[in-house]
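K.L.:
These are the residues of each chain, in order.
Number of protein chains: 2
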Amino acid sequence: MSTETPLPYALLESAVGPGIFAALPAKVEIGECWARDGLQSLDTVVATDKKIQMIDRFSEAGFAHIEVTSFANPKYLPQFADAREVLAGTKRKPGVGYRVVVPNLKGMERLVTMLDEGIKVDEALFVCSASEAHNLENTNRTVAEQKKEVAQMMDMAKKAGLKVVGSVLTSFGCPITGDVPIEVVRDLGRWYVEHGADYVQWGDTTGMANPRQAYAFYRYMFEALPGVPFIVHFHDTRGTGMANNLAALLAGATIFDGSVGGIGGQPAGYRPKYHQGYTGNTVTEDLVCMLEEMGVRTGIGQDEVVEIGRQAEKILGQTLRGQVTQCGPVLHKPRS
Amino acid sequence: MSTETPLPYALLESAVGPGIFAALPAKVEIGECWARDGLQSLDTVVATDKKIQMIDRFSEAGFAHIEVTSFANPKYLPQFADAREVLAGTKRKPGVGYRVVVPNLKGMERLVTMLDEGIKVDEALFVCSASEAHNLENTNRTVAEQKKEVAQMMDMAKKAGLKVVGSVLTSFGCPITGDVPIEVVRDLGRWYVEHGADYVQWGDTTGMANPRQAYAFYRYMFEALPGVPFIVHFHDTRGTGMANNLAALLAGATIFDGSVGGIGGQPAGYRPKYHQGYTGNTVTEDLVCMLEEMGVRTGIGQDEVVEIGRQAEKILGQTLRGQVTQCGPVLHKPRS
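Residue numbers (numbering that gives the first Met the number 0), protein chains in the order written: chain A, 0 to 335; chain B, 0 to 335.
It is worth saying that the hints were derived from the structure and are not from the lab.
Since the model is a prediction, treat every value here as computed from it, not as a measurement.
This list has only true hints and no planted wrong ones.
Note: identical chains are not told apart, hence a pair may lie in one copy or across any two.
Using 27 angstroms as the maximum straight-line C-alpha spacing, the simulated DSSO-like pairs for lysine-lysine come out as follows:
| # | residue 1 | residue 2 |
| --- | --- | --- |
| 1 | Lys272 | Lys332 |
| 2 | Lys119 | Lys49 |
| 3 | Lys146 | Lys332 |
Let the sequences and hints guide you as you build the complete structure.
P.N.:
Shown next, in the form of structure tokens:
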């Protein structure tokens with residue numbers, strides 16, 4: 000719909016100049032976290048064929064990266080007991096980065112076995128918190144222990160030909176200890192890069208960032224780790240997800256994570272007491288439509304992403320948090 | 000809480016410079032629309048004493064402007080049949096702009112009678128859509144007819160010593176006809192100013208703006224109408240409310256409307272078919288906390304605005320859309 004419509008405020012900008020929007024990228028990549036970060040937050044296990052249906056729709060729609068599943072222990076996260084079936088059943092679209100999350104060595108060994116058997120995966124994501132207290136709570140390991148295991152897993156992933164995403168949890172603050180020193184955050188990102196990470200994902204794990212911080216953060220990290228592709232990953236716990244993504248965009252970021260319907264965050268049944276309120280990711284539908292309306296191309300159609308949001312609601316049997324999903328994209332011409 | 004905490008990203012900014020945040024205002028004014036724009040959207044009539052309780056809490060908390068009630072015909076909007084009682088019962092705090100909305104001459108006559116009887120009001124808000132089609136749908140009058148009546152009401156308000164807010168509805172797009180020419184929007188704002196308006200409120204009536212547009216729009220209007228105080232009023236229909244407020248802030252705006260819990264929009268029972276999805280305003284609690292976290296002082300405490308959000312939920316008997324209301328403000332120090 001909007002892709003062919005000239006920007007309605009072109010006249011405005013030509014009058015006053017683009018200002019802070021002067022360096023806006025022409026296009027960005029969107030990563031879709033619904034099938035992993037999203038589904039892990041739900042109580043109900045979604046049927047394998049429904050997951051595959053959604054993942055295939057994501058790739059057809061134009062998402063650049065798709066979180067497909069997790070290699071968490073199925074005893075603890077039964078949502079992902081079908082990791083093999085989902086990966087095997089997905090129609091692989093060339094150019095799309097199909098991503099899996101690997102929380103521990105056991106999961107990594109399971110992944111390597113599948114890869115040996117011909118199952119295809121493009122990217123493996125590993126996590127470590129910048130906050131010691133959060134890492135302990137999240138993984139039951141110290142940061143030092145976590146890094147040791149992650150380094151080993153990263154080696155295995157690289158040897159298997161996968162790209163590696165190093166995720167820095169609590170990059171913008173810790174829900175247990177508050178502010179996290181920026182040097183600690185930066186050094187964990189740098190550590191990932193030195194150990195072969197192809198991407199660093201800066202996770203605002205419990206939605207603590209504000210736009211001024213997000214903007215300075217990304218500018219700082221672009222200087223500290225030049226040339227490293229960053230993945231912007233804001234949770235929307237405090238309603239700042241969209242504004243923080245905007246700030247990161249204005250700082251030069253070009254890869255953004257979202258989750259259809261905004262679902263995501265702490266696994267169901269493992270939600271710690273310190274994380275109250277909404278845990279989910281920035282809503283993909285709203286993010287894509289905002290970017291497209293700003294003239295930043297996501298490769299994804301607005302009407303299509305709205306339809307995807309509606310399909311997700313049908314599959315999950317509930318209204319999710321996508322707002323364009325309810326009202327549709329912005330109207331630029333008279334209603335017919 | 001945060002007011003005494005040094006900005007946690009001060010180090011970040013000192014390293015990379017403030018960039019686009021260099022001209023951030025030290026403080027802004029927040030207008031609270033809950034008691035009018037908010038309550039008009041609900042099916043249930045809220046008890047007069049509960050309204051007064053909330054309005055008094057708003058003024059104590061530090062809101063600069065408060066929409067108190069509407070002089071709409073109580074036959075059509077029974078929510079505001081108690082306009083006189085609410086105004087008379089409110090504990091007036093010096094410096095706060097207590098605002099009423101006046102949709103037509105009948106309402107204006109009612110207001111003048113009350114003023115004559117000693118009821119106090121500070122600001123009267125009048126509306127007219129930039130979009131002809133929207134004005135017709137909203138008021139059953141053409142824009143020309145609307146302006147004629149508004150001009151008359153503005154005269155009466157000025158004579159009664161009130162400040163006048165001229166509200167330009169559909170400033171960022173019309174849900175019936177799409178893009179609205181910027182000259183038409185500008186000229187309606189200018190018309191208000193020429194007829195004595197003290198403020199121009201630019202209404203994104205059905206949440207159609209995007210941040211790039213919002214930024215250019217405010218820069219353009221600041222040039223077109225220099226020295227006129229603008230009221231930023233974004234509805235959150237497409238999840239862009241917070242990001243649009245950020246963009247307006249970066250363009251130099253300093254007066255922002257929100258509604259506690261995000262309630263607002265089309266009056267209950269009069270919701271036109273073209274306006275689907277969420278109709279409400281930007282959530283005040285989330286907006287205040289975002290601004291405070293950015294070091295922009297609203298005069299309102301974060302803990303207090305969260306408590307106000309919770310009180311609104313108690314009064315209305317439902318969970319509203321305030322997200323900090325669920326999780327509380329950002330934690331900067333270790334949990335005690």
